[in-house]
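Number of protein chains: 4
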Amino acid sequence: MPDAPSPTATLLVACRDRTGLVAALSAFVFENGGNIRDADQHAEPESGLFFMRLVWDLKGFVLDRPQIRQAIEHIARRFSLQWDLTYTDERARVAVFATRMPHCLYDLLLSHQLGELGGDLVAVVSNHRDLESVATHFDVPFHHIPVERIDKAGAEAKQMALLDSLRVDLVVLARYMQVLSPGFVAHRPGRIINIHHSFLPAFVGAKPYHQAKEKGVKVIGATAHYVTSELDQGPIIDQDVCRVSHRDDVEHLIRKGRELERQVLTRAVRLHLERRVLISENRTIVFG
Amino acid sequence: MPDAPSPTATLLVACRDRTGLVAALSAFVFENGGNIRDADQHAEPESGLFFMRLVWDLKGFVLDRPQIRQAIEHIARRFSLQWDLTYTDERARVAVFATRMPHCLYDLLLSHQLGELGGDLVAVVSNHRDLESVATHFDVPFHHIPVERIDKAGAEAKQMALLDSLRVDLVVLARYMQVLSPGFVAHRPGRIINIHHSFLPAFVGAKPYHQAKEKGVKVIGATAHYVTSELDQGPIIDQDVCRVSHRDDVEHLIRKGRELERQVLTRAVRLHLERRVLISENRTIVFG
Amino acid sequence: MPDAPSPTATLLVACRDRTGLVAALSAFVFENGGNIRDADQHAEPESGLFFMRLVWDLKGFVLDRPQIRQAIEHIARRFSLQWDLTYTDERARVAVFATRMPHCLYDLLLSHQLGELGGDLVAVVSNHRDLESVATHFDVPFHHIPVERIDKAGAEAKQMALLDSLRVDLVVLARYMQVLSPGFVAHRPGRIINIHHSFLPAFVGAKPYHQAKEKGVKVIGATAHYVTSELDQGPIIDQDVCRVSHRDDVEHLIRKGRELERQVLTRAVRLHLERRVLISENRTIVFG
Amino acid sequence: MPDAPSPTATLLVACRDRTGLVAALSAFVFENGGNIRDADQHAEPESGLFFMRLVWDLKGFVLDRPQIRQAIEHIARRFSLQWDLTYTDERARVAVFATRMPHCLYDLLLSHQLGELGGDLVAVVSNHRDLESVATHFDVPFHHIPVERIDKAGAEAKQMALLDSLRVDLVVLARYMQVLSPGFVAHRPGRIINIHHSFLPAFVGAKPYHQAKEKGVKVIGATAHYVTSELDQGPIIDQDVCRVSHRDDVEHLIRKGRELERQVLTRAVRLHLERRVLISENRTIVFG
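Chains as they are written, first to last, in the working numbering: chain H, 1 to 288; chain F, 289 to 576; chain X, 577 to 864; chain B, 865 to 1152.
Because the hints were derived from the structure by calculation, they are not lab data. Everything numeric in this text was worked out from a predicted model, so none of it was measured. Treat the hints loosely; a few may be bogus.
Distance condition first, Cα-Cα at most 25 Å in a straight line; then the derived PhoX-like pairs of lysine-lysine [what the hints assert, rightly or not]:
no., chain 1, residue 1, chain 2, residue 2
1, F, K347, H, K213
2, F, K495, F, K440
3, B, K1077, X, K791
4, B, K1071, X, K791
5, H, K207, H, K256
6, X, K783, B, K1016
7, F, K503, H, K207
8, X, K783, F, K544
9, H, K215, F, K503
Pair by pair, the computed Cβ-Cβ distance ranges are [stated by the list, open to error]:
no., chain 1, residue 1, chain 2, residue 2, range
10, X, N608, F, M465, 43 to 51 Å
11, B, G1152, X, V755, 34 to 42 Å
12, B, E895, F, A441, 57 to 65 Å
13, X, R819, B, R1031, 29 to 37 Å
14, H, E116, X, Q787, 30 to 38 Å
15, B, R957, F, V350, 48 to 56 Å
Virtual Cβ for every residue (Gly too), placed ideally from N, Cα, C.
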């Protein structure tokens, strides 16, 4: 791994009245001795909203973190900003939920081990024991929380207690085969990422590869999205596709799909952890 | 254009009991002095059907065309084949239906002019006069057949009379903005190709780019399919996709989509005219 | 075509010392009543250079164009900027050079006709008469300037006089089969775009599809680049690729390549005309 | 894993005079009670060679394996065939060579564990101990054979003895950072697969991502090829690419490249093990 670079601050903002906002924020960085590393913005004419991502070096910055927060709060009031401020040296804590399929879990764990995920993988949670050795191999604690049909609420209560005790910022569903309750989801808005094994909105629901085969499509896909209370309808973070043909039976589609699923999921998690994703109603702005 | 190669025969077959079929057909070609140029097959376990495409050189073949037909009929009875036999020197006759958008029409006409389409483009038919100069530029006759809401049946009758008089084998809907009646479609099963400007089955119906924007997808697509009586539900011949982002407004999606539409449509028409496509229920087998 | 939006100014800058630059430029826009429409930047650690693209609305802006120029000059001196300022209502003038192959020319002309090119196509120049009817069909003046081996300098002199008289900003080589002299090229740095029919730097020079077939590659490509005095070595603007197989003979590669060539060239020209491309030594920064 | 299907025989042939060959081979299968599962062929006009892959069910086939071999030998003499005959229940034995980078190794091991590789992974061989725990995790024996600069021959002798003792059919270089000697390579023609981290033939040799960055390409690639005595020049089995931009520094290119490398390598190994690859001079025919 290369040397850790000096920390940076990342500010994400959304607002309605933007006149002078870029000037105000860049002046704030400049006047306090900072250097803008990256700045990106997007105006959404449909909603009238404006989005911005601003990254600056903390090396030589004259304000400390409480002072930064205070200064941003001041600007936020002036422009009615919604905002989110993070630092690269305060890494997000991630829990992966999985069931029996290992491919997405391996990809996340390997990406983490190679130091490219942008967060800390602190737990693997599963309703089965099949993947325990995978988590152990990568030195990530494994938590077995069985989910019985007659007591899903009890299982979710245990999961939530665990997530709270581990101070988890992001939950990643890596082909986790249980539907989370609306209560669980409402608790973590924009903090649960799922991988769906189709090109949403095509093939919502169960067995999308069988649906794809049935329809005779020539391209299959995978979709990473934030989980909302509506199944398979949350804001899409990333998607990808690959070509298939009549020669691909359902087994082949599943194999090709696995490739897509793990790539798209890991990419989406990385985008989230690098603070590149903003949610606007049911869509995302992804600053690439 | 390169020299015309010597003609070949292309046989497409579908059947249920295939034991000995490849041996019988290859013996038929060999024993009559032919040389197999290309052979491809596909067994579909779901339906129990078997599909084959066989291409052989006619140079030196001892049977003439009526005799070939007779011999194939003999084999077909033995194996209960559905079959279709064509010759590369008897080119299919194609009519393109368009309305006002020129991009797909240009692509087909240019592909035809470059000698890569595999058929003869004998007519451009439109309910408007906007594209007349395009057809004329490429020396293809243009036919203006207005379609009035109160007399669609009359317009279709004129269209059908024209297609019959021109002995048209294939109708290509190049962003033709009228829905064909079930009667028109039933008359030409597997002989009408449409381009839909979405990744079907996502975004069936009108304004798919607006639907795509609304859903916040990260990939858009286009689909070429045979027209059946169910709107946007016919067998898919080809599809393609491209990445989009939050930066792409609907105008951009339409522009990127145009690229996809014309590529996918021209490719599908060429696959059809090269006799590479077989239809099985609501899916296609495309021998690439 | 939709209504013309109100004009915007686009400023491209490159510099070494950037501290405070974003603040200075955004203050300049804000304090003069402008609204930033788009801002993008890139720091290149290898060279220590910093690049920025800034777009703002001119509606309500209190400075007129000479005043804007004066103000930017002031900032430019302070930060030692290299800069380029354009307005969307002062469209660039483009000449296309072609020889006999029509596909790239059609694509540019159609894109222009559909209003998506971002500049004005004012001339088609060719050493042959084959494509005259294509230019005429799209109402673009055609200029036949023969290039004889014994007097290439004379032909180039005529081309340059024509370009000067038409006040051409950008020359696009749309499969133009003549190598331009170093003098011609030196005269228009970063103002000549070529399409090379390979994935550069693989297959430099002549007959790249034959080279690709010889090497048995599984992917072919096309590359749009600025022309410099070194053949096929100028800064790359865009590239794309498609899969091929052993079944593709050289004719097929050429056909598939044509698709790539025209897409990549038109895309590169549009990126240039939208002022999204900056050149840094032998590479480009493309603000997408 | 699904039930093992009944075994099939796969015959690969290459020859010059093909007249009657398809008829002879399909008659051989039919008359002995076999059923053709898959047949594919390719005529290469440049070389005059003809290639064929024939797969048939052994269930109900009246000949045993020695008799099949005898019968094929008979046909082979008649048509001067080069041929290769394998059975799906006699799985190829594969050794993976790696050094320190884990990503390709994980991909192969996981693919093997999921039952999709089409061969048996019997050994991981490395000149370092870093990846021992990875092999162990997947229950594949790990062999540490150090390679010292002063005694590469000795190390290769140990490797070859190991491969012989394990009856290894295929060696896969999964980012193995040592160049094999011509002797080692000559010993296993068409039996060593390497992954090169560029779109060959661009960026031959060391540090291709640095070369790609230097050239400013917009697409990077990876290439799986058979190893020959000429470095990075062996027949290409598969390639893939992904888009990059000026924003991607070398670290990013390496990360994106890792994705390509492992996908392309695993795909190439699977194609080889499914007996879909034929070598003709310095190119491959890949029956997809």
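Each hint tested on the structure:
1. F:K347 <-> H:K213: violated (40 Å)
2. F:K495 <-> F:K440: OK: K495 (chain F) and K440 (chain F) at ~23 Å, within 25 Å.
3. B:K1077 <-> X:K791: holds (24 Å)
4. B:K1071 <-> X:K791: The given pair, whose Cα atoms are some 21 Å apart, holds under the 25 Å limit.
5. H:K207 <-> H:K256: Roughly 15 Å separates the two Cα atoms, so the pair holds.
6. X:K783 <-> B:K1016: violated (41 Å)
7. F:K503 <-> H:K207: holds (21 Å)
8. X:K783 <-> F:K544: violated (30 Å)
9. H:K215 <-> F:K503: Holds: K215 (chain H) and K503 (chain F) sit about 22 Å apart, inside 25 Å.
10. X:N608 <-> F:M465: 43 to 51 Å: holds (47 Å)
11. B:G1152 <-> X:V755: 34 to 42 Å: Once the Cβ atoms are compared, 39 Å apart, the range 34 to 42 Å for V755 (chain X) and G1152 (chain B) holds.
12. B:E895 <-> F:A441: 57 to 65 Å: Holds: the Cβ-Cβ distance is about 58 Å, inside 57 to 65 Å.
13. X:R819 <-> B:R1031: 29 to 37 Å: holds (35 Å)
14. H:E116 <-> X:Q787: 30 to 38 Å: holds (36 Å)
15. B:R957 <-> F:V350: 48 to 56 Å: holds (50 Å)
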